[in-house]
Structure formats: structure tokens, C-alpha cells
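Protein chains: 2
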Amino acid sequence: MRVDANELQRFFRPKSVAVVGASVKEGTVGRALIENLIERFRGRIYPVNIKYDEVLGLKCFKSCRDLPEPPDLVVVAVPARVVPKVIDECGSIGSRAAVVISAGFREIGGEGAKLEEAVVKMARKHGMRVIGPNCLGIYSPSVGLDTIFNPSDRQGKPDAGPVAFISQSGALGAAVLDWFTEAGLGMSKFVSYGNAADVKEYELIEFLADDEETKVITAYLEGVEDGRKFSESLRYAAGRGKPVIILKAGKSVKGAKAVSSHTGSMAGSYRVYESAIKQFGGLLVDELSELVIAAKALSWLPTPRGDRVAIVTNGGGAGVLATDAVEKYGMRMAELTDDTQKALRNELPSAAAVGNPVDVLGDAPPERYRKALKWVIKDPNVDALVVIGIMQSPAFDPEGFIEVLREASSGVSKPVVIAAPGGEYTSDKISKIEKLLHLPAFKTPEEAVRALSYLMRWRKVVERFGKG
Amino acid sequence: MRVDANELQRFFRPKSVAVVGASVKEGTVGRALIENLIERFRGRIYPVNIKYDEVLGLKCFKSCRDLPEPPDLVVVAVPARVVPKVIDECGSIGSRAAVVISAGFREIGGEGAKLEEAVVKMARKHGMRVIGPNCLGIYSPSVGLDTIFNPSDRQGKPDAGPVAFISQSGALGAAVLDWFTEAGLGMSKFVSYGNAADVKEYELIEFLADDEETKVITAYLEGVEDGRKFSESLRYAAGRGKPVIILKAGKSVKGAKAVSSHTGSMAGSYRVYESAIKQFGGLLVDELSELVIAAKALSWLPTPRGDRVAIVTNGGGAGVLATDAVEKYGMRMAELTDDTQKALRNELPSAAAVGNPVDVLGDAPPERYRKALKWVIKDPNVDALVVIGIMQSPAFDPEGFIEVLREASSGVSKPVVIAAPGGEYTSDKISKIEKLLHLPAFKTPEEAVRALSYLMRWRKVVERFGKG
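Top line first, the protein sequences correspond to chains A and L. Per our numbering: the first sequence ends with 468, consecutive numbering throughout. Per our numbering: the second sequence ends with 468, consecutive numbering throughout.
Some hints could be false.
As a list, the in silico BS3-like pairs of lysine-lysine whose alpha-carbon atoms are at most 30 Å apart [what the hints assert, rightly or not]: (1) L/K254 / A/K374; (2) L/K278 / A/K254; (3) A/K328 / L/K229; (4) L/K328 / A/K278; (5) L/K371 / A/K378; (6) A/K257 / L/K342; (7) L/K157 / A/K435; (8) L/K278 / A/K328; (9) A/K460 / L/K254; (10) A/K257 / L/K328; (11) L/K371 / A/K432; (12) A/K257 / L/K371; (13) A/K25 / A/K51; (14) A/K371 / L/K254.
Facing chain A, a subset of chain L residues (Cβ under 8 Å, in silico) [what the hints assert, rightly or not]: (15) G27; (16) Q155; (17) S169; (18) G227; (19) S269; (20) P302; (21) P394.
Pairwise CB distance ranges (calculated) [to be verified]: (22) L/G400 / A/E26: 18 to 26 Å; (23) L/H438 / A/G27: 52 to 60 Å; (24) A/L56 / L/G400: 41 to 49 Å; (25) A/S413 / L/P302: 48 to 56 Å; (26) L/D153 / A/G411: 46 to 54 Å; (27) A/K432 / L/H438: 25 to 33 Å; (28) L/G306 / A/K432: 41 to 49 Å; (29) A/K378 / L/G306: 53 to 61 Å; (30) L/R40 / A/S413: 36 to 44 Å; (31) A/S413 / L/E399: 27 to 35 Å; (32) L/D153 / A/R228: 55 to 63 Å.
Since the hints were made in silico from the structure, they are not lab data. C-beta: ideal position from N, C-alpha, C; glycine also.
Please put together the full structure from these sequences, using the hints given.
This is the structure we're talking about:
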């Protein structure tokens, strides 16, 4: 571990949390924070606000100095000008970790930048680490720690699971968190790190690379301050077998300009990022939707041994589209062995195509998929599999299809992805497949193949850096 | 009109339809066809089957020769070997249009190819036009004509509307039809033309280019026989102000091989298609999902005057991603006029960004969007607009947002698209926006910008070919 594990661990496994700026007022951040903690946090909760004696049934303290113990974590949601003093007080009683949610720092320039410097100075004085300011903070479901103050009816929060997500942008972070929830992705830790006045993205990446709960790291970045340390954190994660999937915003000239008016950070040259991320074993994605697709693929599927893809379909056209996508994303169509082709020829109807794509035909019942998948998945020339179900066909049986997929994918170290183009009926079955089997399922053949492509890219990283 | 309008019109506005191969048996194509017609078709229906006197309450005829009138359209669902005789009989009594759903023709080679030749020969003999064989046939909602025999619980069919879709693949056609339904796209005509033994895709394109119900033509193609006539049909459609959105499968070497084992057609060189489609005014898309996105954009939105895009957002990060996408898709970020920027500076909070992207900030209520949109949409430097709503924020009011979008987009000849990243809550609001306002709404800023990019491409076609 290159970063001090204990230093950052404090943020994610606190036994006690103080909320400075706790409130009873409806619609305030200070109230939402206390509500979230009461609902799920398993440690001690200390509201701090000079105005109250009690907040939502908990004793409220006038100042950090009045607390019965130094809280492991302090969450700060008070006006910016007060924050340096709060940090100083908390530090002086022995707290060593703070999340500063308050905005009004470097992102507004001038006076704000000075306040931010003061915060960092106070933190350094006490050996305290600070996440933020100007952020949404932390979500750590395994311990019920949750500083994301958006209303629960509109802000989904994933169950505990293997995907970590760090975001420089709070709002976009919240949106992705919400999307991950809908996508059924389990989450280890989420960190909205905002201005990164103290704790930097590279420290979080290295911490997560060593975190046992985390299998896959995702990140939304606008700019990093120290390119060398950032690159090294990627290499460190790669060496620890943890893929780091990165969406870098501010790729274009105007986008970089928009970054500087958003977080005040320097977007820098995208080409430089691109080549550094590639060289040091990160997985760069181009669009927001890819964060979700790549996270699904890398957290749900095994890493393939090679880049040879087989396709089994009940629709010729969708099979062709998948085939085109295999080439587009730099993989190869598997050449099925003679044995496989002979077996398929024996077991499938004569009109079926037994090359790759294998076409089990539009009238295929589950049994025909079973026969095809049985042979194709054990073919030594096949590294990964795309299974296509055109579900409008009267012969298609979704329950049977799911059973066949379960059999075919269980106990196999080859990734299987699903494509099923269609409308409401199909959308519903796609959700079921993902929920029941944790196999990524998509509306288009191209997306399914794209999901595999992240695994192929990760395989190459593993080959270079070991582990995985 | 280059193709004989009356010839193809017969298929889409028949007053009488015969179904050869009508059946009472559950689960047969022959029964589903009669059921569909009874449910929605407004003309006369003639079941034909030597085995029955009655099918689902309708008098059934032993042969076409026994019919009381030559039906305007004959739908054929009998074994392939019988089809030439059926065509001959129907032709001899005076029918001039047949849809042959039956498979077992050129796509199986040898004997099948001969049967197909026989079908064409019989059709020519009687001056009859034939769609198919090996197809799903026709869906023409304005007259309730529907030969798509998939079960209605799993096969969505769009309401009447401006989008036409032709598909060489039946299964993929059905899947896209289903998807269009879920996407809320209205449909003028759907044709699954299968082997195109007689009626070719270029004839359908020219017919649809003149069809008053059709505003946008979408097509899934694997290969065309006559490249020159195909190209000319695109130019014809462009000249008539009808965008033709084309997904061409069989782009890769292996994909082209898969095409030949699917429909038996020649995929040809993708580069040749690419340059021909571009040159003759078609809009080529790369993936299945783009058919849907492009159809939405082109059927719901006005054509912009130029390529200058403005972004209004309540989240900085999403604004940056949209900005990056504007450059990626070859458009430009609008430079807002001084007047607009001054007005925004006056009316928005001081922390708001009044350049482009305009950031109304995370705590923006609808009123703030209203102020921003009012100025941005009338800015003479703005040709198109992306509005981003991060809906997790407690301040975000979806009902108010929808109202503001309605005001901003009504009576304006500038296209407006929406992006709202998130989970279930957001997905629900996205559906509402699309349904209530017919503004394309997406989960990612990139997709929203991509939707605009099809309009920009279409604008260039219009500039070259006139109309639009």
C-alpha cells in the first residue's frame, strides 16, 4: 500500500461521526445528513450546532470541543467562512478525518481560494485528512455511512457490492450513483471529492486498489493536479488486479474551458491523459453510458483468455450486427472447431447456420439454444460469447432462455453477454436476466459486444501488469 | 414519382385482402394473419384454405379462383412449393399485389432459388407485384393492415405517425418495430421485404418519398442488388425532403460472410455503400440504437439553420460532457451574444456561468431554467439547444421543468433535446418529457448531442438537394 491505509480508512470505517451544521429544518443538508446516519449508520452520531440542544432525538453539541470523544469522522456542512475554524476545533480534540460538503471555496475564486488554503493549513496542523470541500462526500454501504443528502425518492443508492466510484463532480456523481442503482450494480464505496483540497484522486485510487470490498474502480475526472502521481496510482491498481475505468471530461477545447468554469481545475490536453491512462493500465471510456456498461462487464464477468468471440442467435440480422461489432471493437470472430460444427450440424435443424455466428433460427425453443450453447461454450477456440434472443418470435420462451443461460454460464470462466433488441416485453426480460444471472444484457448487439471489449482491454492490461 | 405509385399503393391501401393459408389452428401464421385483420383492417377479408369452410367467423374459400372479387392484396402463407401456383391463380383472377410470407426460397439455395424464379415469372405474367418471399410483410396502421404475426403481448406495434421503416430482415424488423413502439415513435408504414424477389428496396424508398404519411424513412439493409438504382432512390428522397436513415449490416469481412448465410444477398464493400449513401443524400448510421435516436430527432424536431449548439444545465459536469460531444460530432458551441450574456448575468445568481454552457446551478428551480431558456433560445447565434436536468437535486422540480421546456420549445424553429442522467426516477421523467412534448430525451449528454448531429447532417443534405 502506497498511501497510508489507516489515514483513508478512517473515512470509510468510522465508529463515530459528528455532523457540524446538523439541523432540524426540513430541506436542509444538515437535517438530511442526520436522517441518513440515523437510518443506516451503525456507529455513534453526534450532531453539532450551536442553535440546538437536540436534533431528531439525538443530543446536539454546541461545538466539537463539547463532544464526549473525538469523532472518527467529521462531516462539515456550515458556511465556507466558518469551515477553517471547525477544522481547527475538530483537529484540536483529536479528530483525524473530515468531509467538507460546504461550497464557496476555490471554485468561486479569490476569497474562496484563500478560505480553502486556510482549511488545508488547519488540517495539516492537526494531521487531519480532508475530503472536499464543495462535494457530496461519501457513501459506504457496508457500514451504512452516507453523506449524500439528495431526497431518497429521486436519489437511488446501490446495495453493497464490488464497484467503487469516485467523482470530481458532485451532481454528476449523484446521477451516476442513481444510474448504478437502477443498473443493479453493487457498490463498495462512492466518493465525491470535489475540490480535492487535501485528499487527491490518486490517493483514493490507491486506497481502493487495496480495498477488499472493491473489485472495480470507476472514476469521473475533469482534471488532475499531479499527472505523475495519478499515473502511478493507475499502475498500482493494475498491478493489484483492479481495473480503473475512467471518464475524462474536458476533452475538447471548449470542454476544457467549461471545466475551468465548473470546478476551477485545469482539464489539460486530452491526448496526454489518453496516452498516460493507456500506458499505466487505466481503461479510458469515451461516454457516460460506458462507465455503466464497463462496470457491469468488469464486475460481473470473468476475464477472458483471449479475444475470440462466438455468437449464438435466433435472428440472422442481429447476428450480422454483432459480427460487425466484433471487428469494430478490435476482437476476432472465433473459428469453431470441426468437432463443434459437426455436433451442431447433428443437433440443430438443417437450415441452422453452424459457422460463427451460429443461427439457431427464428423458431428456436430453449432446447435448441441449450444444444448450441453446450458445444459452443466448451469450444477451445472460443474465449467469449454473445447470446442473442429475438424475443418477439412466438417460439421464444424467455423463462427457458434464462434457464439455459444460467446453465451455460455457471462454472464457466468465459464471459457471456446477452443482446435482445425490442420494446417493453423485451426490456422487462433484459432486466430479469441481469437481476437473476448477473449477465450484462443489452438492447443492441453492438452494446453487448462493446461490453466484451472492456474485458478484452482489461485482459491486455493484466497481461502487462500481472494479476487479475 | 419515379416508381409507379399505383403499383405499390395497392399494397398499402387495399380495400380487400385475401389470406391464402388462413387457418383456425392456434399458433399458426395463417390464424394470426386473420386475427390481425379482423381486429384492425377496415376492408373486406377473404380467408383462403381448401381445408375450411369458415375461419374465425369468416367464409373461407377453397381457392383464389372462388373469390367473389379479385382482392386488392393477397397475403400468402403456404408452403414454398405451392406459392407459384397461388400467384398464378391470384394473378389470373386479376389481383395485382401479393405479400409472400412463406420461407424456403432463395435463402435456402438450390431448389428454393428455382421456386423463387417461378414466383417472379408468374407475377410478371400477370403484371402482379410481389413483396417477399421470406418476410414478415406489411404494417400500415392508418388502414389497419397488419401481416406481422408475432403474439401481441411481445410484439409492440406503433400508432400511426410519420416514420416509415423497411427491413431486409424479418426478425430484426420485428424487433425494431417493437422498439419504435416503446420509444413512442409513430409509424406510417413498415415493410419487411425479405428476399426482394420482385419489389426492391429502392422502389419502396421512392414510394415512401412520395407518401404523404411519411416524413422520415428508416431502413435496415444487408445488401442491395442494384447499387445505381438504390443510390438514385436516396437522391430522389432527399430531393423530396425525406431523410433516409440507413443501418447497413455486413460492414466487416466476417459480417459480410454472415450476411450471405443469412439472406443469401451480397453485402458488398461497406466503403462503397458508405460513399454512395453519403453522396446521394442518405444518412448512414453505425449501430442499431442510432436508428431509433435518429428517427426520433428527425421526426420530432425542426431542421436547424446551422450547427451552433447552446447548452443549458444545472450540473457543470454534464455540461462539460455535452460540450465535448458537440465537438466530437462535428458541431460548434454557440457564442452567445453580449445581449444574451448581459441578460443572463442580470437574471441569474452571481455564481451561474453565463457563457456556453450556461450553468443555472444545482439549486435551480424551474423559474431559473425559464429565465435562461428565454434568452438563449432567441439568441441569433444559437441554432440548437441541449437542456440538461440533473434530477437528483432537491431543488429540481420535474413538473415545472416540463412546463418550462414546453414554453421554450413551442413555436420555435430550433431543435431542443434533453439530457438527464440518473436512475428510475429520472427514467420515468424522461419518458414523460418524450411523451408529453415530443422532445428527444436521453440519459446521457452525449446521446442528446448525437441526436442533434443527425439533424445537422440532414441540414447539409437539404442544402445540397433542396427542400426539407
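We went through each hint and held it up to the structure:
1. L/K254 / A/K374: holds (23 Å)
2. L/K278 / A/K254: Satisfied, since the Cα-Cα distance of roughly 29 Å is no more than 30 Å.
3. A/K328 / L/K229: holds (29 Å)
4. L/K328 / A/K278: holds (20 Å)
5. L/K371 / A/K378: violated (62 Å)
6. A/K257 / L/K342: With Cα atoms ~20 Å apart, A/K257 and L/K342 stay inside 30 Å; holds.
7. L/K157 / A/K435: Between L/K157 and A/K435 the Cα gap is close to 27 Å, so the pair holds against 30 Å.
8. L/K278 / A/K328: holds (20 Å)
9. A/K460 / L/K254: Distance of about 24 Å is within 30 Å: holds.
10. A/K257 / L/K328: holds (15 Å)
11. L/K371 / A/K432: Violated, because 43 Å separates the two Cα atoms, which is more than 30 Å.
12. A/K257 / L/K371: holds (24 Å)
13. A/K25 / A/K51: holds (11 Å)
14. A/K371 / L/K254: Measuring from Cα to Cα gives roughly 24 Å; hence the hint holds.
15. G27: holds (7 Å)
16. Q155: holds (5 Å)
17. S169: holds (3 Å)
18. G227: Result: violated, 19 Å to nearest chain A Cβ.
19. S269: violated (13 Å)
20. P302: Since chain A brings no Cβ nearer than about 24 Å to L/P302, farther than 8 Å, the hint is violated.
21. P394: The hint holds - L/P394 has a Cβ within 8 Å of chain A, the shortest such distance being about 5 Å.
22. L/G400 / A/E26: 18 to 26 Å: Distance hint for L/G400, A/E26 holds at roughly 19 Å.
23. L/H438 / A/G27: 52 to 60 Å: Roughly 34 Å apart at Cβ, these two residues miss the hinted range, so it is violated.
24. A/L56 / L/G400: 41 to 49 Å: violated (29 Å)
25. A/S413 / L/P302: 48 to 56 Å: This hint holds: roughly 53 Å between Cβ atoms.
26. L/D153 / A/G411: 46 to 54 Å: violated (34 Å)
27. A/K432 / L/H438: 25 to 33 Å: holds (30 Å)
28. L/G306 / A/K432: 41 to 49 Å: holds (46 Å)
29. A/K378 / L/G306: 53 to 61 Å: holds (57 Å)
30. L/R40 / A/S413: 36 to 44 Å: Once the Cβ atoms are compared, 51 Å apart, the range 36 to 44 Å for A/S413 and L/R40 is violated.
31. A/S413 / L/E399: 27 to 35 Å: Roughly 50 Å apart at Cβ, these two residues miss the hinted range, so it is violated.
32. L/D153 / A/R228: 55 to 63 Å: Given about 59 Å between the Cβ atoms, the range holds.
Hints 5, 11, 18, 19, 20, 23, 24, 26, 30, 31 from the earlier list are contradicted by this structure; the remaining hints agree with it.
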